[in-house]
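Novice: Given chain G's structure and the hints, the job is docking chain R onto it.
Those protein sequences? They're chains G and R, same order as listed. Oh and the first sequence: position 81 is 81 in the numbering used here, straight run, nothing missing. Oh and the second sequence: position 74 is 74 in the numbering used here, straight run, nothing missing.
Accuracy of the hints is not assured; some may be wrong.
Stated by the list, open to error - Rough simulated footprint, nothing fancy, chain G against chain R, three-plus residues with beta-carbon under 8 Å:
1) 243-257
2) 369-377
3) 452-462
4) 472-480
Claimed, not checked - Here are some, though not all, of the chain G residues that point toward chain R, as calculated from beta-carbon distances under 7 Å:
5) Pro16
6) Val23
7) Tyr28
8) Ser64
9) Cys76
Said to hold, decoys possible - Here are the simulated distance ranges between beta carbons:
10) Glu3(G) to Lys433(R): 17 to 23 Å
11) Val80(G) to Glu264(R): 41 to 47 Å
12) Val80(G) to Ala323(R): 24 to 30 Å
13) Val466(R) to Ile52(G): 22 to 28 Å
14) Thr30(R) to Glu3(G): 32 to 38 Å
What the hints contain is simulated information worked out from the structure, not anything from laboratory work. Remember, it's a predicted structure, so these values are computed and weren't measured experimentally. Every residue, glycine too, gets a C-beta built ideally from N, C-alpha and C.
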Amino acid sequence: MSEYESVQALHHSLPPFQPLISVELLPYIALILLASTFVLAFYSSTIPKTTIPGKEVPLAVIASVLGGFGVVALFCTVGVYV
Amino acid sequence: MLRLWNAISCLLLASAAAASPAYSLSFENTAIVRTVDLGGSLVHVTTTFAVKALKEAASVYTITLPEDEIFNTSWLEVKVKGTHQPLTVTYNGAPVDSKSHNLDVSLEKPLAAGANINLVLETVQTHATWPWPQKAAQDEDQSLKYETSLFVLSPYSTSVQRTKLKSSSPRIISYTTPENVEAFTQENPVTKSGATVTYGPYNNVPSSTNQEFLQEHQQHVVLHYNYDYPVLEILKLKRAAEISHWGANLNIQDDIVLHNAGPELKGQFSRLQHQTQSFYGRGAPHVLPLFTVHLPPGIRNTYYIDQIGNVSTSHLRVAPSVARGLKNTQSSVMELKPRYPIMGGWNYTYTLGWDAPLGDSGSYDSKTGKYIVSVPVMTEVPGAVVNDAEISIILPEGATDVDYVAPFTALSNEISTHVTYLDTVGRPMVTFKYKNLTNKHAKPIYVSYRVPVFAHLRKPLAVSTVLLTLFTFAMVVRRVDLTIHKTPSKKM
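Next comes chain G alone, as it looks inside the complex (with noise of 0.2 Å):
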């Protein structure tokens, strides 16, 4: 049997893909991360000023991280599957 053939006969016997996320669930994702991304965001900027950014830079690297998530979630759902 030729190497096409059992490479074949192999990708038959496999189990199919399957994504960490699944897809159906993806555009509720985006919207929940997103609006939490805004929420943190709008609250992070209205912090009261101090020359130590104490509170805020927690707050912004756990908005960028949902919303770095969350945009991915959002290119998937409208079509643009990165």
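Specialist: Showing chain R alone in chain G's frame:
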């Protein structure tokens, strides 16, 4: 020479070009029947050799094909009649001065002396017909010419051979009557019955791959026949298959330049005449108003666009998605109607793309951590030959250990980097280039790769980094004081 090598390497399954010594005459053909199914751009030739072994343990049968036939052949397969497994064919050089080439077929089991076997050689020839007359008006018929050699060459002697040329329409305009064949037949050398023209039977043809036979008896016969369907060529096919793990999606996009290779349109195109013809159902055979392609089941977000924009004159019926590997799956049917009917000599450029769930064509091997995805080489446009094809498979970002296996060797393979939305380091892209693909070449390419976990997280991290930069910028800007203060006036 390069063209010959391209032709041969494209059509052989096992391309071991070992120059073995001259074949020993260990076979005899009891009968050869060659059936030529005439089409437009594709001609399907089936040659059946009824072979008898003369010597003990005969295992390699040599088929000789003339040079012009090999140049036109883009798919070749040899099987034992009744089985499905193709036999291994290797190229074995060209006999001196004969303008033909030898192909060695390795039989699975060596034959005993006196044993019989039937071998079937199937080939598909492309660009083997040409329109004659070369120009036709909008309401005239379309007729093509096909040329082939009269005798089927073989290094072994043949008891009887015949060639049948089958056209799809019984209206055959003319065919060559062979001369100087009295040594092989006492009856009519050529007969026509309905849509089939038969050259033969020719009896006791000796070994025909030597100069004497070729000069004395071999001749070309030309068949001039009416053909009732448009002759289509795809001048360039660019297929891009993009794999997305976040969206579990395989997007396939075809950029196609379609050409009507029938007789060129004589005179102007008259829309009025075209409307009259389609109203009464009497469309001319060389005009292509619409065509149908079969797409995979379970597709969504299909788009059919050209340079002007979306083409709305199309119909799609999607078949439900099925699990991988099931046979006899229904396919989605898409009827494409270009913006204008494609007359002889005209071109039409369009883009057809769709999204399909990655689970339908991708699999995951948890033992080795490899993903395997199958991407079909082309979608068949009925009766069309693809002159130039470039298939690119774009893997997810950060894919490593990229490996691929194609159903037939490509003219060139390369791995490059492709950058698209939300990419930082770019995605590996595997590109295959082919020439002269036919409907027999619509098989899948298998690509396997690994994606480490960090590569999956690269995209969200890239977006997070950008957002964090924005936040930092905002925090800095908040603390910069840009208000204008009143300067205290100096008292002199």
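Novice: Now tell me, hint by hint, if it's right for this structure.
Specialist: Each hint, compared with the structure:
no.: 1; hint: 243-257; verdict: holds (count 7)
no.: 2; hint: 369-377; verdict: holds (count 4)
no.: 3; hint: 452-462; verdict: holds (count 5)
no.: 4; hint: 472-480; verdict: holds (count 5)
no.: 5; hint: Pro16; verdict: holds (4 Å)
no.: 6; hint: Val23; verdict: holds (5 Å)
no.: 7; hint: Tyr28; verdict: violated (15 Å)
no.: 8; hint: Ser64; verdict: holds (4 Å)
no.: 9; hint: Cys76; verdict: holds (4 Å)
no.: 10; hint: Glu3(G) to Lys433(R): 17 to 23 Å; verdict: holds (20 Å)
no.: 11; hint: Val80(G) to Glu264(R): 41 to 47 Å; verdict: holds (43 Å)
no.: 12; hint: Val80(G) to Ala323(R): 24 to 30 Å; verdict: holds (27 Å)
no.: 13; hint: Val466(R) to Ile52(G): 22 to 28 Å; verdict: holds (24 Å)
no.: 14; hint: Thr30(R) to Glu3(G): 32 to 38 Å; verdict: holds (36 Å)
Checked against the numbered hints listed earlier, the structure breaks hint 7 alone; every other hint is satisfied.
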